[in-house]
Every structure is written in C-alpha cells, then in structure tokens.
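Chemist: In the order they appear, the protein sequences are chains A and B.
Last residue of the first sequence: 117 (this note's numbering), numbering continuous.
Last residue of the second sequence: 119 (this note's numbering), numbering continuous.
To be clear, the hints were calculated from the coordinates, so they are not data collected in a lab.
A hint or two may mislead.
[Stated by the list, open to error] Label pairs and their calculated CB-CB ranges: (1) B:82 - A:78: 21 to 31 Å; (2) B:58 - A:98: 19 to 29 Å; (3) B:21 - A:56: 22 to 32 Å; (4) A:42 - B:19: 24 to 34 Å; (5) B:63 - A:16: 41 to 51 Å; (6) B:62 - A:98: 24 to 34 Å; (7) A:87 - B:104: 34 to 44 Å; (8) B:104 - A:68: 17 to 27 Å; (9) A:53 - B:87: 38 to 48 Å; (10) A:85 - B:20: 40 to 50 Å; (11) A:20 - B:16: 22 to 32 Å; (12) B:84 - A:20: 23 to 33 Å; (13) B:21 - A:17: 19 to 29 Å.
[To be verified] Distance condition first, Cα-Cα at most 35 Å in a straight line; then the derived DSBU-like pairs of lysine-lysine: (14) B:20 - B:74; (15) A:13 - B:7; (16) A:46 - B:7; (17) B:42 - A:64; (18) B:42 - B:74; (19) A:73 - B:111; (20) A:80 - B:74; (21) B:42 - A:85; (22) A:17 - A:85; (23) B:111 - A:64; (24) B:20 - A:17; (25) B:42 - A:46; (26) A:46 - B:74; (27) A:73 - B:42; (28) A:17 - B:74; (29) A:46 - A:13; (30) A:85 - B:74; (31) A:85 - B:20; (32) A:46 - B:20; (33) A:80 - B:111.
[To be verified] Partial selection, computed: residues in chain B whose CB lies under 7 Å from chain A: (34) 30; (35) 51; (36) 110.
The beta-carbon is built from N, C-alpha and C at its ideal position, and this holds for glycine as well.
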Amino acid sequence: EAGVAQSPRYKIIEKRQSVAFWCNPISGHATLYWYQQILGQGPKLLIQFQNNGVVDDSQLPKDRFSAERLKGVDSTLKIQPAKLEDSAVYLCASSLEGTGSYEQYFGPGTRLTVT
Amino acid sequence: AQKVTQAQTEISVVEKEDVTLDCVYETRDTTYYLFWYKQPPSGELVFLIRRNSFDEQNEISGRYSWNFQKSTSSFNFTITASQVVDSAVYFCALRPGGGADGLTFGKGTHLIIQP
C-alpha cells in the first residue's frame with residue numbers, strides 16, 4: 003500500500019514570495035491533515051479536512067495560509083506571502099476516518115526555508 | 005484546551021540500557037486517545053502505539069512497553085535493551101474522542117543510544 007505522498011521535498015524561497023505544497027493521501031482515506039513542524043518542536047495542526055470539507059482550521063493563519071481539497075483526494079497548502087517564521091517542515095497526514103480511533107499516517111514532509 | 009508535556013528534552017544512554025520516556029497530558033475530555041510516534045533522522049513520523057482513555061492496561065510489544073496511568077495523566081514509554089537504531093526523536097500526542105481530532109503533540113524527546 004502506497005503511503006502519503008508529498009511534493010516538493012525541499013523548497014527555498016525569499017520572504018514575501020508565494021509557495022505551494024501538494025499532498026496525496028493514502029487511497030481511501032477520508033481525512034487529511036496539514037501540520038507545521040518548526041525545528042525542535044512537535045508538529046502543530048494547521049487544518050483538517052473530512053473529504054472535501056474543512057473540519058478544523060482554527061490554527062491556520064488565514065491572512066497568509068490557504069488550503070484546499072477540491073475533489074476530496076489530494077490537497078494543496080499555499081503560503082502567500084511567506085515570512086521568515088514560516089520556515090518549517092510541513093507534514094501531511096491521512097486517516098481512514100476522522101475519529102480518534104484511527105491512527106494518522108504521515109508523509110515525508112516538505113522542508114521550507116524562507117530567506 | 006489540551007496539552008502534552010514531555011519534560012525530557014534529550015536523553016543519552018549506552019546501548020543495551022533500559023530507558024523510559026515520560027509523557028504527561030492535560031485534557032477535559034472524558035474520551036480521548038494517546039499516541040506515541042517515532043521520528044528518525046529521515047524525518048518521517050512513524051506510528052508506534054494508540055491507547056484509548058478507557059483502556060489502562062499496559063502494553064508490551066517486543067522491547068517496547070507503555071504504562072498508561074489515568075490517575076497521574078501519564079503515558080510513559082520504555083525501551084528495554086536499547087539499540088543504536090532506537091536513536092530518534094519520540095513524540096507523545098493526544099487526540100479528542102470526537103469532533104475535530106487533530107493531534108496535539110508534545111515537544112518531543114531526543115533519544116541518543118551510544119554504541
């Protein structure tokens with residue numbers, strides 16, 4: 003079974019530029035999550051989708067971050083414009099359903115460096 | 005609000021020693037789930053265990069064991085006869101039983117196993 007796919011793996015941009023990350027969850031997984039992991043910290047949830055609807059985006063900085071999952075499968079996370087403090091690894095995860103009994107499977111992440 | 009505390013930032017032991025990673029959590033939910041994840045140098049989060057709030061039985065899986073104590077809100081992880089391959093950052097995480105269920109992670113414990 004293929005795991006969660008993410009691209010690109012690495013991205014370097016200058017502040018005020020835009021960037022987009024892509025995630026393809028495990029086939030059949032209804033729930034998709036985006037997390038931000040700053041160096042030396044645990045991942046922090048940015049947004050949770052159930053199929054193509056948003057369940058929780060309370061920690062998403064909506065003035066600069068946006069995410070979509072139009073067909074209920076793959077998802078895109080965008081930052082516009084980027085700030086230095088956005089440098090982090092962006093992790094995508096998926097689970098079979100959005101209930102606590104299911105574990106989340108994580109992708110390899112996209113490491114973003116903002117200069 | 006939910007919170008996970010991993011007070012040990014870094015632990016270093018010699019191979020074959022036993023080591024325990026501490027995790028203390030805070031939640032107002034009566035139903036919740038606790039997780040441990042391993043993050044090796046490659047960066048991908050690897051699921052290790054899930055425990056629900058109604059099951060306080062300790063669990064053993066090979067060299068790994070977990071001690072869940074609701075009375076002290078702790079979910080500690082022990083590695084017996086540690087090996088160099090166990091070197092990684094270990095995260096404890098908490099998830100509510102219903103509704104939006106993104107994981108709340110601790111800051112992680114960096115475990116170094118010296119040969």
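Chemist: Against this structure, judge whether each hint is valid.
Modeler: Each hint tested on the structure:
The hint said 21 to 31 Å for the Cβ distance between residue 82 (chain B) and residue 78 (chain A), and at roughly 41 Å that hint is violated. At about 20 Å, the CB distance of residue 58 (chain B) to residue 98 (chain A) agrees with the hint of 19 to 29 Å. The hinted range of 22 to 32 Å is not satisfied by residue 21 (chain B) and residue 56 (chain A), whose Cβ atoms lie roughly 46 Å apart. As the Cβ distance of residue 42 (chain A) to residue 19 (chain B) is approximately 25 Å, the hint placing it in 24 to 34 Å holds.
For the pair residue 63 (chain B) and residue 16 (chain A), the supplied restraint of 41 to 51 Å holds, since their beta-carbon distance comes to about 48 Å. Range check, residue 62 (chain B) to residue 98 (chain A): Cβ separation about 26 Å, and the 24 to 34 Å hint holds. Taking 34 to 44 Å as the suggested C-beta distance range, the pair residue 87 (chain A) and residue 104 (chain B) does not conform, at roughly 25 Å. In this structure the supplied range 17 to 27 Å holds for residue 104 (chain B) paired with residue 68 (chain A), their Cβ-Cβ distance being about 18 Å.
Distance hint check for residue 53 (chain A) and residue 87 (chain B): the Cβ-Cβ separation is about 41 Å, which falls inside the suggested range of 38 to 48 Å. Between residue 85 (chain A) and residue 20 (chain B) the beta carbon distance is about 46 Å. The supplied range of 40 to 50 Å therefore holds. Against the hinted window of 22 to 32 Å, the Cβ-Cβ separation of residue 20 (chain A) and residue 16 (chain B) comes to about 42 Å, which falls outside the hint. Separation of residue 84 (chain B) from residue 20 (chain A) is about 49 Å and departs from the stated range, judged on CB atoms against 23 to 33 Å.
The hinted range of 19 to 29 Å is not satisfied by residue 21 (chain B) and residue 17 (chain A), whose Cβ atoms lie roughly 45 Å apart. With a C-alpha separation of about 30 Å, the suggested pair residue 20 (chain B) and residue 74 (chain B) falls inside the 35 Å cut-off, and the hint holds. A threshold of 35 Å between alpha carbons decides the hint, and for residue 13 (chain A) with residue 7 (chain B) the separation of about 31 Å falls inside it, so the pair holds. In summary, the hint linking residue 46 (chain A) to residue 7 (chain B) is supported, as the alpha carbons are separated by about 12 Å, within the 35 Å threshold.
A distance of roughly 30 Å separates the Cα atoms of residue 42 (chain B) and residue 64 (chain A); the hinted pair therefore holds under the 35 Å criterion. Proximity of residue 42 (chain B) to residue 74 (chain B) is assessed by CA-CA distance (about 23 Å); at most 35 Å being required, the pair is judged to hold. At roughly 34 Å between alpha-carbon atoms, residue 73 (chain A) and residue 111 (chain B) fall within 35 Å of each other, so this suggested pair holds. Among the hinted pairs, residue 80 (chain A) with residue 74 (chain B) is inconsistent with the structure: their alpha-carbon atoms are about 40 Å apart, more than 35 Å.
A C-alpha spacing of about 29 Å is found between residue 42 (chain B) and residue 85 (chain A), which places the hinted pair at or below 35 Å, so the restraint holds. Taking the CA atoms of residue 17 (chain A) and residue 85 (chain A), the gap is near 5 Å; set against the 35 Å cutoff, the hint holds. The suggested pairing of residue 111 (chain B) with residue 64 (chain A) holds, with an alpha-carbon distance near 24 Å, which does not exceed 35 Å. This hinted pair does not check out: residue 20 (chain B) and residue 17 (chain A) have alpha carbons roughly 47 Å apart, beyond 35 Å.
Only pairs whose Cα atoms come within 35 Å are accepted, and residue 42 (chain B) paired with residue 46 (chain A) is accepted, the gap being roughly 16 Å. The suggested pairing of residue 46 (chain A) with residue 74 (chain B) holds, with an alpha-carbon distance near 24 Å, which does not exceed 35 Å. In summary, the hint linking residue 73 (chain A) to residue 42 (chain B) is supported, as the alpha carbons are separated by about 31 Å, within the 35 Å threshold. With a CA separation close to 46 Å, the supplied pair residue 17 (chain A) and residue 74 (chain B) exceeds the 35 Å bound.
Between residue 46 (chain A) and residue 13 (chain A), the direct Cα distance comes to roughly 20 Å. Compliance with the 35 Å bound is thereby established for this hinted pair. Annotation: proposed proximity of residue 85 (chain A) to residue 74 (chain B) is violated, straight-line Cα distance about 41 Å (limit 35 Å). Annotation: proposed proximity of residue 85 (chain A) to residue 20 (chain B) is violated, straight-line Cα distance about 45 Å (limit 35 Å). Our distance criterion of 35 Å between C-alpha atoms is met by residue 46 (chain A) and residue 20 (chain B), whose separation comes to about 33 Å.
Proximity of residue 80 (chain A) to residue 111 (chain B) is assessed by CA-CA distance (about 25 Å); at most 35 Å being required, the pair is judged to hold. Residue-level restraint check for residue 30 (chain B) is violated (minimum Cβ-Cβ distance to chain A is 15 Å; threshold 7 Å). Hint status for residue 51 (chain B) relative to chain A: holds, with the closest Cβ pair at about 5 Å, below 7 Å. Hint status for residue 110 (chain B): holds, given a least beta-carbon distance of 5 Å to chain A, under 7 Å.
Of the numbered hints given earlier, the model fails hints 1, 3, 7, 11, 12, 13, 20, 24, 28, 30, 31, 34; all others are met.
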